[in-house]
Amino acid sequence: GAVVSQHPSRVICKSGTSVKIECRSLDFQATTMFWYRQFPKQSLMLMATSNEGSKATYEQGVEKDKFLINHASLTLSTLTVTSAHPEDSSFYICSAGPRAPPQQFFGPGTRLTVL
Amino acid sequence: AQSVAQPEDQVNVAEGNPLTVKCTYSVSGNPYLFWYVQYPNRGLQFLLKYITGDNLVKGSYGFEAEFNKSQTSFHLKKPSALVSDSALYFCAVREDNFNKFYFGSGTKLNVKP
Numbered sequence: 001g002a003v004v005s006q007h008p009s010r011v012i013c014k015s016g017t018s019v020k021i022e023c024r025s026l027d028f029q030a031t032t033m034f035w036y037r038q039f040p041k042q043s044l045m046l047m048a049t050s051n052e053g054s055k056a057t058y059e060q061g062v063e064k065d066k067f068l069i070n071h072a073s074l075t076l077s078t079l080t081v082t083s084a085h086p087e088d089s090s091f092y093i094c095s096a097g098p099r100a101p102p103q104q105f106f107g108p109g110t111r112l113t114v115l
Numbered sequence: 116a117q118s119v120a121q122p123e124d125q126v127n128v129a130e131g132n133p134l135t136v137k138c139t140y141s142v143s144g145n146p147y148l149f150w151y152v153q154y155p156n157r158g159l160q161f162l163l164k165y166i167t168g169d170n171l172v173k174g175s176y177g178f179e180a181e182f183n184k185s186q187t188s189f190h191l192k193k194p195s196a197l198v199s200d201s202a203l204y205f206c207a208v209r210e211d212n213f214n215k216f217y218f219g220s221g222t223k224l225n226v227k228p
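Respectively, the protein sequence lines represent chains D and A. Letter by letter, the first sequence follows residues 1 to 115 of the numbering used here. Letter by letter, the second sequence follows residues 116 to 228 of the numbering used here.
Same shape as in the complex, but just chain D (with noise of 0.2 Å):
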C-alpha cells in the first residue's frame, strides 16, 4: 500500500509558541489530505481537508487560525498550530489517498504535547 509520512513525530513545546508539523505521500500524488486530531482513548476528529493549491476546509468548531494548514505540492501538506496552549496537546494524524479507488492512507502521527 502507499506510504504516508509525518514529522515530527513527537515535540515538545512552550505555550506561546507555533508548531509546524509535516505530512508527505511518499510514493503516490494526494490532491487531497485530511487531518485529524484524536484524544486519549477516543476517535479521530477530522479537523480539516487539505486541498492542493486552494484554501483548507475546515470542520465546524474548528479555529482556521489557529490550526493553519498548507497543501503546497501534491505530496505535501502542514499543519501549523499557532500559540500553541496546553489543550492543544493531543495526537495529530494526516491522510492521504486516491479519490478511486476510495481507500485512506494514515500517517503515523505526531504527538504535541505543549507546556
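Check before you lean on any hint, since a few could be wrong.
Said to hold, decoys possible - The list that follows gives simulated cross-link-like pairs (lysine-lysine, DSSO-like), each with its CA atoms no further than 27 Å apart:
#1 D:41 with A:227
#2 A:137 with D:41
#3 A:215 with D:20
#4 A:227 with A:173
#5 A:192 with A:223
#6 A:164 with D:41
#7 A:137 with A:184
#8 A:215 with D:64
#9 A:215 with A:192
#10 A:215 with D:66
#11 D:41 with A:192
#12 D:55 with A:215
#13 D:64 with D:20
#14 A:223 with D:41
#15 A:137 with A:192
#16 A:223 with A:184
#17 A:215 with A:184
#18 A:215 with D:41
#19 D:14 with D:66
Stated by the list, open to error - What follows is a list of derived Cβ distance ranges for each label pair:
#20 A:228 with D:83: 42 to 52 Å
#21 D:64 with A:132: 41 to 51 Å
#22 A:228 with D:60: 38 to 48 Å
To be verified - Listed next, the stretches of chain D that the computed footprint assigns to chain A, with coverage defined by at least 3 CB atoms under 8 Å from CB atoms of chain A:
#23 42 to 49
#24 107 to 113
Simulated from the structure, these hints should not be mistaken for lab results. Everything numeric in this text was worked out from a predicted model, so none of it was measured. Every residue gets a Cβ at the ideal spot worked out from N, C-alpha and C, and that includes glycine.
Model the placement of chain A on the given structure of chain D, informed by the hints.
Positioned in the frame of chain D, the structure of chain A alone reads:
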C-alpha cells in the same frame, strides 16, 4: 447524514477463541466501508475494505468482515484470536460521491492468553 456506530467500547476474548467487533453505519448513498487497527501511539493501519462485490471481505492478519446491507452492518471477525491482536479498532464509512471518511468511536480489543 453519514455516521458509524461501534456499540462496544471494549471486547474481551481469550486467545484462540473467535472474535467479533461490531459496526453499523448510516449513509444516504452507496457505502464504502473500512476497518483500521491502531496500536498505541501509532497511526491507523488498513485491515480491509468493502467497495462492491462479495459481501464477505478478507483482509490482513486473518481478519474478515461481512457486509450486511439489510442490517447496515459491517462486523469485523477473526476465527482464532491472538494476543497480538490486542489493539484499538476503528470502523469507517465513505459515501461513493464524497472523499470524506467518517469514523466510529473505536473498540478496544483485549485478547488474553
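For this structure, which hints from the list above don't hold up?
none
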